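Listed below are the residues making up each chain.
Number of protein chains: 2
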Amino acid sequence: MNNVTRLLQRHRSIRKFKPDEVSEQVLEAIVRSAQMASTSSNVQAYSVIAVTNPETKRALSAVAGNQQHVESCPVLLVWCADLSRDKLACEREGVEMVSGTMENFIVATVDVALAAQNAAIAAESLGLGIVYIGGIRNNLREATRLLNLPKLVYPVFGMCLGYPDHESGVRPRLPLRAVLHRETYDETAQAESIDEYDRRTRDYYIERTGGKRDTTWSKEMADKFKRPARAYMRAYLEEQGFRFD
Amino acid sequence: MNNVTRLLQRHRSIRKFKPDEVSEQVLEAIVRSAQMASTSSNVQAYSVIAVTNPETKRALSAVAGNQQHVESCPVLLVWCADLSRDKLACEREGVEMVSGTMENFIVATVDVALAAQNAAIAAESLGLGIVYIGGIRNNLREATRLLNLPKLVYPVFGMCLGYPDHESGVRPRLPLRAVLHRETYDETAQAESIDEYDRRTRDYYIERTGGKRDTTWSKEMADKFKRPARAYMRAYLEEQGFRFD
Chain E
1 MNNVTRLLQR HRSIRKFKPD EVSEQVLEAI VRSAQMASTS SNVQAYSVIA VTNPETKRAL
61 SAVAGNQQHV ESCPVLLVWC ADLSRDKLAC EREGVEMVSG TMENFIVATV DVALAAQNAA
121 IAAESLGLGI VYIGGIRNNL REATRLLNLP KLVYPVFGMC LGYPDHESGV RPRLPLRAVL
181 HRETYDETAQ AESIDEYDRR TRDYYIERTG GKRDTTWSKE MADKFKRPAR AYMRAYLEEQ
241 GFRFD
Chain S
1 MNNVTRLLQR HRSIRKFKPD EVSEQVLEAI VRSAQMASTS SNVQAYSVIA VTNPETKRAL
61 SAVAGNQQHV ESCPVLLVWC ADLSRDKLAC EREGVEMVSG TMENFIVATV DVALAAQNAA
121 IAAESLGLGI VYIGGIRNNL REATRLLNLP KLVYPVFGMC LGYPDHESGV RPRLPLRAVL
181 HRETYDETAQ AESIDEYDRR TRDYYIERTG GKRDTTWSKE MADKFKRPAR AYMRAYLEEQ
241 GFRFD
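Chains as they are written, first to last, in the UniProt record's numbering: chain E, 1 to 245; chain S, 1 to 245.
Note that these hints are calculated values from the structure, not bench results.
This structure is a prediction, so every number in the text was calculated from the model and none was measured.
Heads up, the beta-carbon is just placed ideally off N, CA and C, and yes, glycines get one too.
Errors might be hidden in some of the hints.
Stated by the list, open to error - Derived pair list, reagent style BS3-like, types lysine-lysine, alpha-carbon separation capped at 30 Å: (1) S:K151 with E:K212; (2) E:K151 with S:K87; (3) E:K226 with S:K219; (4) E:K226 with E:K212; (5) S:K219 with E:K212; (6) S:K87 with E:K219.
Unchecked claim - To give an idea of the interface, some chain S residues facing chain E are shown, with a C-beta separation under 8 Å as derived from the structure: (7) R202; (8) I206; (9) T209; (10) G210.
Claimed, not checked - Quick look at which bits of chain S chain E covers, simulated, 3 or more residues with Cβ under 8 Å: (11) 17 to 26; (12) 69 to 76; (13) 100 to 114; (14) 228 to 237.
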């Protein structure tokens, strides 16, 4: 372990922030760090919108199911997969961009995630805290309108940014052997790993809530996956010009 | 700037590795760091296969268009989006998993990217070097066979891991104002940013290759996007059980 792996392994989401502003210098250090993440063939297929306007944050908080921290954080970063800039580059070379494949969609979605995770690490190293806001995907049509996004751009997640005003525990993860396989995929490791993790998450919730929350990872997953998630997504993405041929 | 933002901003891909092994302890520190990345509603929808077997690496190198470093790196990590474990969790609760939406696909693809980027940072902080291998997506059917992947799992990218045996320059990125927008998306900043970046990338390539490579970012993008990319992807993903409703 060194300072960096300790920082990475100490990550916890922060949902309450001090009123302190995030300075321009700090924001730029974070986004410049994001930019240096790997990118597929240098396409850099992402953009990030820094939102500080209270009305926009309030509206995006409503999109995300009224998550109070989306409104109260000093800066909300909205991370977008973005093929529109690559399209502009093609146009100036007189080339019609062919971006209508699942592959292009994957590339843009991965590119923005790599950049955002670098931003998260940079922010935490500078004493800030973050929480990813997947809830922005509740209504991407509204987010697209609020942020004035052009075609070939879609918000993948938000990220609240600011100085932490609370501490929270580090949530235990699946046993290492569940996610790390050797040479080939090991299905036999899964059942035992889930048993072990169900026990650990149950203990964690009981301890953390004084016994009020008594559940397991399996129960949480069953509850999450028992109905279709955000079923409008495909249609929205097609409206934004993405194709999945 | 601090040690971490310096590390993040110093990233360069490494394609030549010393023969030194990556110890079990180092590999575990890297994957444990990966596990602490944020994950959507704790689904942890990813797996990573650590490949050291020379034959498998050779075969995956062939998949990736004969990238020599895929064969010669001490460890190849294959990062997979993985909804199969969540399906197992649902099954033990007697729930039939409903995972047939674009949303679920995005969640799994983002989850693995966040974890992998933490792994990249951890590795670099420990003195190792990495390069992402998108080329593994040239033939995911073959990669799936070689790694014995179950349904609801797909390799998103590989990552060569080892101790660097060369130095390489840090490739310039787009101007900050191209990717960082304020309050709403700023289309007007794009044309000028691309002009500036085309000049910078041209200078960079000319200097780096002694004048042999004379191109711009726009030309590279036009060349990349003029034909459909990996058009079999959607069909492959459906074979693996993913749906995009």
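Going through the hints against the structure:
1. S:K151 with E:K212: Judged against 30 Å, a Cα distance of about 36 Å means the pair is violated.
2. E:K151 with S:K87: It is violated: about 34 Å lies between the C-alpha atoms, which goes past 30 Å.
3. E:K226 with S:K219: 47 Å, violated
4. E:K226 with E:K212: 23 Å, holds
5. S:K219 with E:K212: 59 Å, violated
6. S:K87 with E:K219: 12 Å, holds
7. R202: With a closest approach of 13 Å, the R202 (chain S) hint is violated.
8. I206: This hint is violated: I206 (chain S) lies away from chain E, its Cβ roughly 16 Å from the closest one there, beyond 8 Å.
9. T209: This hint is violated: T209 (chain S) lies away from chain E, its Cβ roughly 15 Å from the closest one there, beyond 8 Å.
10. G210: 21 Å, violated
11. 17 to 26: Violated: only 0 residues of the segment 17 to 26 of chain S have a Cβ under 8 Å from chain E.
12. 69 to 76: violated (count 0)
13. 100 to 114: holds (count 11)
14. 228 to 237: holds (count 7)
Hint compliance for this structure: hints 1, 2, 3, 5, 7, 8, 9, 10, 11, 12 are not met, and every other hint is.
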